[in-house]
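K.L.:
Required output: the full structure, derived from the provided sequences and hints.
There are 2 protein chains.
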Amino acid sequence: MEKTQVEVPENVIDLGLGHPSLSLLPMDMLKASADKIFQAKDPTFLQYGPDEGGGYFRHMLSGWLSEKNRAFIAPESLFITNGISLGLDLVCTCVSRPGDTVIIEEPTYFYVYEIFKNHHLNIVSVPVDREGMVVEKLEHILKEVKPSFIYTIPFFHNPSSVSLSGNRMDQLFSLCRKHDALIVSDEAYQFLNFSPQFPVSLAIRGMGNKILSLGSFSKILAPGLRLGWIHSTPDLIKKIAGTGFVKSGGGLNPFTGRIVGAFMKNGSQDTHLASLKETYRKRAERMLAALKTCLPSDFEYAEPSGGFFVWIRMPEERDARDLLCKCEANGIKFKPGYLFSETGALHNFIRLSFSYYKEDRLSEGIERLAKVL
Amino acid sequence: MEKTQVEVPENVIDLGLGHPSLSLLPMDMLKASADKIFQAKDPTFLQYGPDEGGGYFRHMLSGWLSEKNRAFIAPESLFITNGISLGLDLVCTCVSRPGDTVIIEEPTYFYVYEIFKNHHLNIVSVPVDREGMVVEKLEHILKEVKPSFIYTIPFFHNPSSVSLSGNRMDQLFSLCRKHDALIVSDEAYQFLNFSPQFPVSLAIRGMGNKILSLGSFSKILAPGLRLGWIHSTPDLIKKIAGTGFVKSGGGLNPFTGRIVGAFMKNGSQDTHLASLKETYRKRAERMLAALKTCLPSDFEYAEPSGGFFVWIRMPEERDARDLLCKCEANGIKFKPGYLFSETGALHNFIRLSFSYYKEDRLSEGIERLAKVL
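If you read the protein sequences in the order shown, they are chains A and B. This note's numbering applies: residue 1 is where the first sequence begins, and numbers increase by one. This note's numbering applies: residue 1 is where the second sequence begins, and numbers increase by one.
Just so you know, these hints were derived from the structure itself, not from any lab. Because the structure is a prediction, the values reported are computed rather than measured. A few of these clues could be false.
Put simply, identical chains are the same to the list, so a pair is met inside one copy or across any two.
Claimed, not checked - Subject to a maximum C-alpha distance of 30 Å in a straight line, what follows is the list of computed DSS-like cross-link-like pairs (lysine-lysine):
no., residue 1, residue 2
1, K277, K41
2, K3, K247
3, K239, K210
4, K358, K247
5, K36, K178
6, K41, K358
7, K358, K31
8, K117, K146
P.N.:
Written out as structure tokens, the structure reads:
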């Protein structure tokens with residue numbers, strides 16, 4: 001077997017890894033879709049494609065997203081990306097100038113610090129609580145600063161697993177309209193809800209606001225495809241599609257997009273997603289059960305209602321860095337909180353992921369963790 | 001059939017189009033490689049991959065490039081991209097700061113203006129003559145300016161079809177060593193030589209210089225795959241692989257890379273390339289024969305020894321913009337020279353491409369062009 005981004009030795013359980021298990025990647029179903037596309041004898045998916053993404057794929061994606069979000073999403077409001085990471089880089093190129101400020105959440109997905117710094121942007125952060133971004137704090141900041149955009153992870157947040165509440169969302173929209181501020185919404189985990197309540201995309205909920213909602217097939221199909229989308233108003237989509245390297249390359253992923261279009265069309269995406277959600281729900285349950293048994297009572301965490309993560313607050317005097325050292329010597333790993341803070345704060349938090357391992361391994365991981373606490 | 005980036009009406013011959021014909025995209029051979037990879041039961045190409053690109057693909061590419069260039073190119077000196085366009089955008093992010101200067105050729109590939117302007121770079125241009133970049137002019141500029149990098153298309157240049165001569169190359173290397181200047185070499189057409197003389201990559205020829213050679217499968221296999229590479233020293237490759245969005249996404253194209261790795265391994269890439277070169281050579285011959293018959297004697301052009309293009313200099317009093325208007329009314333198109341100049345100069349040049357149409361259609365195109373001259 002080939003190496004992947006992170007190779008974990010057999011005797012280590014890495015609960016820091018926010019990847020799907022290899023066994024959750026639907027090889028056979030994808031092969032069937034690839035076969036179908038190759039047999040269709042239309043080689044246009046090998047040619048320079050439309051800048052905004054292939055017509056067939058945008059059409060299929062439009063239908064699929066419309067059904068899920070229960071609102072019509074026109075193909076013209078979709079731009080096809082190589083996943084959210086490149087989408088964010090592209091957004092920086094399109095809507096920010098070096099020296100601008102972006103407002104992010106604390107905690108937030110750790111790689112965005114580097115993405116934004118690559119574009120010479122200043123970073124100001126707003127705290128997250130159990131209802132998501134604390135919009136009241138954002139309001140204070142917007143009085144002082146005119147940001148390029150506000151970056152948020154509204155659903156099953158990475159790392160904190162919370163979702164933005166309805167009230168907070170309304171406050172956010174109203175505040176951003178007042179300040180004419182652009183919202184960049186990272187919706188990587190949108191489709192991984194465990195309860196029947198599906199979180200509708202911000203680009204739909206916030207009609208009348210300037211919002212770019214970034215979605216991806218990485219968590220619901222396969223990260224290696226590097227395929228995602230930006231959903232926004234047609235004028236913003238056109239602006240993004242007009243970026244130099246996008247036009248020069250003829251769209252970002254014509255080949256993979258066509259295959260995944262067929263994957264959606266024959267129902268494989270729905271079948272696979274239903275199975276994934278069930279798998280992740282069970283894994284989350286098992287992790288929570290183990291945490292309940294093993295963790296000291298002064299460790300706090302919210303039960304995730306979707307996504308990949310459990311975010312644990314340890315007592316103030318604990319330090320995740322020290323704990324990680326002890327853990328590593330005992331064959332267990334996690335992501336320490338300071339990674340998710342621009343200033344290296346959040347020393348007493350840890351992020352656990354239940355996406356990569358099967359139930360028994362998750363229990364074993366939590367037991368190993370508990371032993372060194 | 002799906003739409004591609006540019007749709008040409010049936011009654012129009014667009015000699016401006018630097019795309020391969022749809023019939024030159026090897027569907028069946030690619031299907032065989034995709035089958036092989038899907039049947040191998042190793043799903044790692046669907047997972048987050050190594051930041052610098054998948055191990056198997058880099059290994060295959062290392063072997064293939066080493067054989068072609070007759071020099072060992074280690075996998076560690078290769079970074080896998082989504083093609084040269086995104087590679088250039090990434091290079092700007094990695095090695096330049098906003099407000100920096102890049103030195104380019106005039107004429108040069110038209111989309112790079114936008115790519116560099118997206119990164120807020122100042123552009124200074126150096127002329128190109130029949131031996132490639134006029135290095136003497138570059139020398140004057142380097143006395144005044146410390147550029148982020150020097151962008152060149154050394155082989156079968158777009159649009160001028162010239163290649164950098166050995167003498168000029170030596171001058172360029174010596175000058176750039178003196179000024180510690182980075183060369184970014186766009187080698188999109190490297191493998192499309194019509195004569196047996198194969199142009200060895202700048203990253204090999206210029207050992208001891210700082211060079212990033214950017215290569216691509218767009219012109220030798222299929223643009224829709226969005227797959228290419230950067231060849232440089234391992235330290236520069238590491239720097240590029242350390243960019244935020246690259247690490248966040250787990251490499252740029254694990255899925256497509258694995259399939260193309262199999263395509264190289266079973267010899268399909270060599271078979272296809274040999275056939276492509278023969279096709280393009282014949283198309284170029286036919287276009288040149290038609291030009292010889294149809295063009296006024298005061299129109300000048302060099303016969304291309306590779307690549308996609310014929311670059312024609314018309315008499316000074318001619319204007320390509322006016323000509324294009326007349327042409328379009330007669331069902332024929334080309335790319336006017338001013339597109340390839342930052343200042344909109346080169347008004348009396350036109351670029352013709354022989355990559356997209358079969359011989360008879362090329363002859364017909366040139367006849368249509370001649371009629372309106």
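K.L.:
Indicate, hint by hint, whether the structure satisfies it.
P.N.:
Okay, the hints, checked on the actual structure:
1. K277 with K41: Answer is between; shortest inter-copy Cα gap is 24 Å, intra-copy 35 Å.
2. K3 with K247: between (33 Å within a copy, 15 Å between copies)
3. K239 with K210: within (13 Å within a copy, 35 Å between copies)
4. K358 with K247: between (43 Å within a copy, 25 Å between copies)
5. K36 with K178: Intra 49 Å, inter 56 Å, cutoff 30 Å: neither.
6. K41 with K358: between (40 Å within a copy, 20 Å between copies)
7. K358 with K31: Answer is within: at 25 Å inside a copy they meet the 30 Å cutoff, but 34 Å across does not.
8. K117 with K146: both (18 Å within a copy, 23 Å between copies)
When held up to the earlier numbered hints, the structure conflicts with hint 5 and nothing else.
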